[in-house]
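With the sequences and hints as input, model every part of the structure.
There are 2 protein chains.
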Amino acid sequence: MAQQHLDPTDPTAEVVTGDTLGAYLRAQATEFLRALRLHRETGGSTAAGAEESVDAARLLRRSARRISGSLHTFRPLLDADWSEEMRPELAWLSGTLGLEHAYETRLERLLLALHRLSGATVLPAQAVDVVAAGSRAAGAAPVPLKAALENTSGPANATPTAERGNLTVGAAKAGALLERQLTLARTRAHSTALQALGSSRFHAVADKVAVLASEVPLTPAAPTTGLRPLAAAAEERLTDAIAALPLVVAGNPYNAEALVHGLSPDPSPHPQDGPWHQVRLLLRLHRYAQEALHGGNSPVDVRLLAAGRALNRHRDASEAAAAAAQAARTPRIAPATAYALGVLHADQRHEVEAARFAFQQAWQKQTVSTP
Amino acid sequence: MAQQHLDPTDPTAEVVTGDTLGAYLRAQATEFLRALRLHRETGGSTAAGAEESVDAARLLRRSARRISGSLHTFRPLLDADWSEEMRPELAWLSGTLGLEHAYETRLERLLLALHRLSGATVLPAQAVDVVAAGSRAAGAAPVPLKAALENTSGPANATPTAERGNLTVGAAKAGALLERQLTLARTRAHSTALQALGSSRFHAVADKVAVLASEVPLTPAAPTTGLRPLAAAAEERLTDAIAALPLVVAGNPYNAEALVHGLSPDPSPHPQDGPWHQVRLLLRLHRYAQEALHGGNSPVDVRLLAAGRALNRHRDASEAAAAAAQAARTPRIAPATAYALGVLHADQRHEVEAARFAFQQAWQKQTVSTP
Chain A
1 MAQQHLDPTD
11 PTAEVVTGDT
21 LGAYLRAQAT
31 EFLRALRLHR
41 ETGGSTAAGA
51 EESVDAARLL
61 RRSARRISGS
71 LHTFRPLLDA
81 DWSEEMRPEL
91 AWLSGTLGLE
101 HAYETRLERL
111 LLALHRLSGA
121 TVLPAQAVDV
131 VAAGSRAAGA
141 APVPLKAALE
151 NTSGPANATP
161 TAERGNLTVG
171 AAKAGALLER
181 QLTLARTRAH
191 STALQALGSS
201 RFHAVADKVA
211 VLASEVPLTP
221 AAPTTGLRPL
231 AAAAEERLTD
241 AIAALPLVVA
251 GNPYNAEALV
261 HGLSPDPSPH
271 PQDGPWHQVR
281 LLLRLHRYAQ
291 EALHGGNSPV
301 DVRLLAAGRA
311 LNRHRDASEA
321 AAAAAQAART
331 PRIAPATAYA
341 LGVLHADQRH
351 EVEAARFAFQ
361 QAWQKQTVST
371 P
Chain B
1 MAQQHLDPTD
11 PTAEVVTGDT
21 LGAYLRAQAT
31 EFLRALRLHR
41 ETGGSTAAGA
51 EESVDAARLL
61 RRSARRISGS
71 LHTFRPLLDA
81 DWSEEMRPEL
91 AWLSGTLGLE
101 HAYETRLERL
111 LLALHRLSGA
121 TVLPAQAVDV
131 VAAGSRAAGA
141 APVPLKAALE
151 NTSGPANATP
161 TAERGNLTVG
171 AAKAGALLER
181 QLTLARTRAH
191 STALQALGSS
201 RFHAVADKVA
211 VLASEVPLTP
221 AAPTTGLRPL
231 AAAAEERLTD
241 AIAALPLVVA
251 GNPYNAEALV
261 HGLSPDPSPH
271 PQDGPWHQVR
281 LLLRLHRYAQ
291 EALHGGNSPV
301 DVRLLAAGRA
311 LNRHRDASEA
321 AAAAAQAART
331 PRIAPATAYA
341 LGVLHADQRH
351 EVEAARFAFQ
361 QAWQKQTVST
371 P
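From first to last, the protein sequence lines stand for chains A and B.
Note that the UniProt record's numbering numbers the first sequence so that position 171 is 171, with each residue one more than the last.
Note that the UniProt record's numbering numbers the second sequence so that position 21 is 21, with each residue one more than the last.
Rather than coming from a laboratory, the hints here were simulated on the basis of the structure.
Beta carbons: idealized from backbone N, C-alpha and C, even for Gly.
Mixed in with the good hints, there may be bad ones.
Stated by the list, open to error - Away from chain A, derived, C-beta distances all over 12 Å, residues of chain B:
id	residue
1	Ala-35
2	Leu-36
3	Glu-215
4	Pro-217
5	Pro-223
6	Thr-224
7	His-294
8	Val-300
9	Asp-347
10	Gln-348
11	His-350
12	Glu-353
Unchecked claim - Here are the simulated distance ranges between beta carbons:
id	chain 1	residue 1	chain 2	residue 2	range
13	B	Arg-329	A	His-203	35 to 41 Å
14	A	Gln-272	B	His-203	56 to 62 Å
15	B	Arg-237	A	Pro-271	47 to 53 Å
16	B	Asn-255	A	Thr-192	38 to 44 Å
17	A	Asn-252	B	Arg-228	39 to 45 Å
18	A	Pro-271	B	Thr-192	47 to 53 Å
19	B	Gln-272	A	His-203	33 to 39 Å
20	B	Thr-187	A	Pro-246	39 to 45 Å
21	B	Asn-255	A	Arg-34	41 to 47 Å
22	B	Gln-364	A	His-277	45 to 51 Å
23	A	Gln-272	B	Asn-312	26 to 32 Å
As structure tokens, this is what we get:
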């Protein structure tokens, strides 16, 4: 990692070559193997080790995404057959391992929103604990979650308003319905992830990563080929995609764009979200490319971080809104439940719009402050 | 009206006294009588004269509000007994005459929102005509309204999606339900207004206004007492009320404040709207006071107009959101209908939030540009 001290903005800086990429990939492969060891030690399914197991899965995904991203951005420097075999396997792994956490944060986001929309302010201590321990992604004020819902197994036996932290019966039933549906999905995702980690497919990936930790299949020319042009191309793909976003609309608050198809009969009513999701992925690839350039030790770019956070929020709100709409299609729900889910859906679409505004603001700042 | 040319910002300007107020009140009373004549000529209930009748009612309310506002602001200059008798009668009249129009614009606003939320873009010519003729308050792009709903008498016989301008069945049923409820309310308001205009109570008011048109009951000191201190007090009440508004929050886009009680079990969940409604009334009183100062011919203050428009939008959206929530409490509605009403309610509460933002922006501009 001799290149750690390089300044990429310095035109007299040393040329960063495939050697640096090799070191970065070896480091990420080592991280992957460490996370795998952590996962095996904590068992992945015992109650005591549940939190460590979640962390292990998170670390596995973290390095899998970085290896996969580097394979994409720096493709010309790596053995083509090996890259083509490796990337879909890493994508499968990180997708499979990510689902459980995605369902968990989606449920948290929706329950927090239901409580916010109910104007609930009561804070039983145990509920705060649950929220404090569990809400990594929510970033909202703590409100009683499980406490309000813990005695509820379904809409049929919802408890009275007063017992559930001031949730209306409709909001309580909507929360119970979402909890049932998303907990079921999460449990399934957990089983699928455990199965995946025990599969021969996974062992084949792990073996390849173990080889990568000591030997990166660079092309013969790679050690003397510069990384910067490829990293610049990744950045250009990002800026091109951002230039195609409707940023003028997004920067105009309360433009009411995000909810425009809130009641559309179209089964996939929000194609408008697609370009934003795409920018989120391109921003991540750009960030990983910068990491590789700096030997895994790139300076923190607060503007990129803010833009990335806005796009994560956009993705989370978009998926939460879809989950609320999906839950409203459950047969035989009460009108009050459906009404609460409608309010919740619109609230999350409004969050989508807010996230686009936040991205526009963050990106504007970036454009202004880098002359 | 010798004072029409006075510049109120000129410190050397003539003192504006009760005489000017007298002229203003006589002029408003004359307008009232003219509107009443127009109403009687157009009949108020024949099909051909419906639009003129609406205009007559609007003009009656316009002058009633101005007389009532002046009685309030310039109370010390007017005969106390007469004022105290007159004001509640004018308030009753303008409230009674305003309801029909309020229900009409509320329905328009809600149907336009339903179409926007359905992503409907088809524009049958007759629907555009209906919208163009009827949507004074909406200010949104024309979309098919009546055309989409005209064959619907209730949720039970909703027509298929394709036939109703791409409205989903839920949105179509919600629209039909709202149309039924608000049309009924409007019809009742129309009858009540007609009854009121034929009542002896109204004739007593009209007689008093007829006297006012020639003889204003000023106090003996009024003709030599200045109006400016009383107008300044009205302005101060306005600025004090605005200073108490949460303008910092309102100026922060997507603050999610307006929907905070969207699912609250509280039967009147939006006390937060109250102070904004109050500012709307105080702004109107301030505007009428300025009119009186200028003998009914005050210069157009675009900033006050923008602020007033934002507060009208706030009031309209607040009441539309409440109507959607109210409709969702109709017994035996389908879950899809309730869901659409939930989305609609949240959409209108966002409009409330957007209106507060717009007011904050307009008011900010005012503060900055008047040193």
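Cross-check of the supplied hints:
no. : hint                              : in the structure
1   : Ala-35                            : holds, 37 Å
2   : Leu-36                            : holds, 41 Å
3   : Glu-215                           : holds, 50 Å
4   : Pro-217                           : holds, 48 Å
5   : Pro-223                           : holds, 50 Å
6   : Thr-224                           : holds, 51 Å
7   : His-294                           : holds, 35 Å
8   : Val-300                           : holds, 26 Å
9   : Asp-347                           : violated, 6 Å
10  : Gln-348                           : violated, 10 Å
11  : His-350                           : violated, 6 Å
12  : Glu-353                           : violated, 7 Å
13  : Arg-329/B - His-203/A: 35 to 41 Å : violated, 58 Å
14  : Gln-272/A - His-203/B: 56 to 62 Å : holds, 59 Å
15  : Arg-237/B - Pro-271/A: 47 to 53 Å : holds, 51 Å
16  : Asn-255/B - Thr-192/A: 38 to 44 Å : holds, 39 Å
17  : Asn-252/A - Arg-228/B: 39 to 45 Å : holds, 40 Å
18  : Pro-271/A - Thr-192/B: 47 to 53 Å : holds, 48 Å
19  : Gln-272/B - His-203/A: 33 to 39 Å : violated, 58 Å
20  : Thr-187/B - Pro-246/A: 39 to 45 Å : holds, 43 Å
21  : Asn-255/B - Arg-34/A: 41 to 47 Å  : holds, 43 Å
22  : Gln-364/B - His-277/A: 45 to 51 Å : violated, 35 Å
23  : Gln-272/A - Asn-312/B: 26 to 32 Å : holds, 30 Å
Of the numbered hints stated above, those contradicted by the structure are hints 9, 10, 11, 12, 13, 19 and 22, listed in ascending order.
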